[in-house]
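Enquirer: What follows is each chain in one-letter form.
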Amino acid sequence: MTKARVATVWLDGCSGCHMSFLDMDEQLIELAGLIDLVYSPLVDVKAFPAEVDVTLVEGAVSSEEDLHKIRMIRERTTVLVSLGDCAVTGNVPAMRNLFPVKSLLRRAYEENAAQPVAALSNDVLPKLLERVRPVHEVVTVDVYVPGCPPPANVILNTVRAILSGQPAQAAVNSRFGM
Amino acid sequence: MSVLQEVKTLTINGREASARGDETILEIAREHGIFVPTLCHLHGLSPVGGCRLCLVEVEGANRLLPACTTRVGEGMVIRTDSDRLKGYRRMILELFLSERNHTCSVCVSNGYCELQSLSRDAGITHVRVPYRYQRYTVDASHELFVADQNRCIMCTRCVRVCEEVEGAHTWDVQGRGIEARLISDMNESWGDSDSCTSCGKCVQVCPTGALSEKGKSVAEMSKRKQFLPYLTLMRDKWK
Ligand code: SF4
Ligand code: FES
Chain Z
1 MTKARVATVW
11 LDGCSGCHMS
21 FLDMDEQLIE
31 LAGLIDLVYS
41 PLVDVKAFPA
51 EVDVTLVEGA
61 VSSEEDLHKI
71 RMIRERTTVL
81 VSLGDCAVTG
91 NVPAMRNLFP
101 VKSLLRRAYE
111 ENAAQPVAAL
121 SNDVLPKLLE
131 RVRPVHEVVT
141 VDVYVPGCPP
151 PANVILNTVR
161 AILSGQPAQA
171 AVNSRFGM
Chain X
1 MSVLQEVKTL
11 TINGREASAR
21 GDETILEIAR
31 EHGIFVPTLC
41 HLHGLSPVGG
51 CRLCLVEVEG
61 ANRLLPACTT
71 RVGEGMVIRT
81 DSDRLKGYRR
91 MILELFLSER
101 NHTCSVCVSN
111 GYCELQSLSR
121 DAGITHVRVP
131 YRYQRYTVDA
141 SHELFVADQN
151 RCIMCTRCVR
161 VCEEVEGAHT
171 WDVQGRGIEA
181 RLISDMNESW
191 GDSDSCTSCG
201 KCVQVCPTGA
211 LSEKGKSVAE
221 MSKRKQFLPY
231 LTLMRDKWK
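Protein chains in written order, with the numbering used here: chain Z, 1 to 178; chain X, 1 to 239.
Everything labelled a hint here was simulated from the structure, so no lab data went into it.
Even for Gly, the Cβ is constructed at its ideal location relative to N, Cα and C.
It is possible that part of the hints are untrue.
[As the list claims (entries may be wrong)] Some chain Z residues judged to face chain X by a derived CB distance under 8 Å, without partners named:
1. 82
2. 85
3. 88
4. 89
5. 90
6. 144
7. 175
[Claimed, not checked] With the Cβ distance kept under 8 Å, some of the chain Z side facing chain X (calculated, not the full set):
8. 91
9. 92
10. 95
11. 97
12. 98
13. 131
14. 136
15. 137
16. 148
17. 176
18. 177
Bound conformation, chain X alone (with noise of 0.2 Å):
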């Protein structure tokens, strides 16, 4: 037996729990019922601990860390939900509306986004820094699809899809902090991209409307994210 599949046992928010050596503080809460938010998580792709969303306590740890990619230790003392972690993610969510431009009442995904969700969840009743109103692309060159990253919050979910299920890699990030934002191929319009093979993987586990079908009107958009465990279940399978 490898040692990251020996049994751990550890406490979650005050209760006593056991766990493979190789789940993540995530994997553990959920299976316990106990929620963490997310935003770049996503349930068949690799985590990659950007959005920080899903901080929590570790009782000895001299920082918050990302339940979605921290590993349980043995003995470990984890709280998901105190006040100061609830304060710490109302923070990033109102940032991440104050970023671009969600403007919840004529988009795509109203009704149907995880930040809208999320933000109603954490309490969120109004932004308390100040907005950016900074102009970004709308990339609608696509015969099916239109990306707009006004309501993109650089959670990467679709360049990860893209590489590690499609295996086209037709998404990237470019540039750094608030720079950052999304390229089709060599920053090309999408529409022309060779790579893209049209498959749509990357509309379904965008969490906003920034990736949309073409077509979709207000509060249309609901997004299709079950093919994912189904297809790296069966991927696993095969190995």
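Chain Z with its partners taken away, still in its complex shape (with noise of 0.2 Å):
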């Protein structure tokens, strides 16, 4: 049996949902049966690959950089699930939308810091977007997984059910907040 090529991101969001994805424990050398680990924050791979199987998607969309890699890597994928509270609902990231950009940079670079920089001239810092939005404002989702984080053993039935063609059936055990 060919194994399925799956890939995790990390967008905007703490690495709960790896860390919960690592919790697996030993069901992870199971999962390794079944799946080529192509991208991800666990593996040493520098570019997102084409024609991946299924990409677990952690984080909101909240930097001009995230934005362009959720779009490409959207081409990319055949079923893109959004994993945890802050790709399905935006979550603590989306917090920050109750105010402005601008203010919020001042407050955490200028008002709030021990050495101030200037953060609105400032081209190190990533671009962010007046919005933090959920991954399925921006490109089509096809399986939600909600949680924070969602538990290990709801991740690796998500994964079964869609390697086994039934993703309709992933994450009924799991809700928002968590």
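Take each chain as given, in its own frame, and dock them per the hints.
Expert: Here is the structure:
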């Protein structure tokens, strides 16, 4: 049997979903028999490859870089999974949507900084979008797995369900917040 | 015997049932172990039919009817679980989730919230309408409690318990539609309220984390709603 080509990406999230993925513990060995992890913060591949079967997306879309990445990933992925509350709802990253980006940057890098930097005229900082958005507001999402984070067994069952062609059955035991 | 106490026979989800004429569709559904989701309704408070989550189909009616405010009638044929109703309920819950800022993961009531658990039970995995991201007030001026309107769904349970059970009428609603929001007294901060008795009943009946006890952190604010049926039972006995 050929292994499925699976990727995971980390946009604006805390990496908790990836930690939860690792919490599969010994079941990771079973999973390794089913998939090739072709791109992920957990492996050392620099560029997102073509023809990926399943991509798990952690995190909301917050910056222009996130936006560029997720569009490219969507094009190269067959089944795109919105993994965790940040990807699904915007969650904590989206709490900044109640403030304009300018005042946010000033507060973080000027007013509250021990060594202030001119945040608004700085080209090292990633360009923030005016609003943080859930992944499905930007690209088409095929499977949603809410949870902060979704438990390891929910992630495993989701991947299994997708690989056996039943994505609709994924994520039944998951809810916002968790 | 008053007309309202006459026994009515009806059909609910294909099952024959009988009920007293003063019972609501919601009551008869619950007596028969049929789950109808509710948010604004709370046993012990007057029903207002505000959230529309409990809408049911009644044969011959030209619209859907809220189970919590509709009395049973002779020969009624009621459906509580059609795909159409499930679709509307999902839509209502998604609109609630998108209207204010319900960030479950950092909410005091994470794990205890009725909006959160009803959403899961309704199979909601994401919200199909755009989130509004409007700012609402957080009033922490009261010595014991916090009112975070980012998490309020305007069910008015707090308003009703305060008026009908505590008799204080500290809470009320200002504005209409999407502009509606909760106010204490004459739109003063809660801590300055002369009418509030600090009984905490509003906090305990609030279905979300909008009203909470001070000092509670994420996922610590469970609510104790059991006092309400007991108080109203005793009050009715006294009458
Ligand atoms: S504060 Fe709570 S009880 Fe009061 S209207 Fe809002 S959600 Fe309902
Ligand atoms: S519970 Fe009936 S309308 Fe809210």
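Enquirer: For every hint, state whether the structure bears it out.
Expert: Against the structure, the hints:
{"no.": "1", "hint": "82", "in the structure": "holds (7 Å)"}
{"no.": "2", "hint": "85", "in the structure": "holds (6 Å)"}
{"no.": "3", "hint": "88", "in the structure": "holds (5 Å)"}
{"no.": "4", "hint": "89", "in the structure": "holds (7 Å)"}
{"no.": "5", "hint": "90", "in the structure": "holds (6 Å)"}
{"no.": "6", "hint": "144", "in the structure": "holds (4 Å)"}
{"no.": "7", "hint": "175", "in the structure": "holds (4 Å)"}
{"no.": "8", "hint": "91", "in the structure": "holds (6 Å)"}
{"no.": "9", "hint": "92", "in the structure": "holds (6 Å)"}
{"no.": "10", "hint": "95", "in the structure": "holds (6 Å)"}
{"no.": "11", "hint": "97", "in the structure": "holds (4 Å)"}
{"no.": "12", "hint": "98", "in the structure": "holds (5 Å)"}
{"no.": "13", "hint": "131", "in the structure": "holds (7 Å)"}
{"no.": "14", "hint": "136", "in the structure": "holds (6 Å)"}
{"no.": "15", "hint": "137", "in the structure": "holds (6 Å)"}
{"no.": "16", "hint": "148", "in the structure": "holds (4 Å)"}
{"no.": "17", "hint": "176", "in the structure": "holds (4 Å)"}
{"no.": "18", "hint": "177", "in the structure": "holds (3 Å)"}
Violated hints for the displayed structure: none, as all numbered hints are satisfied.
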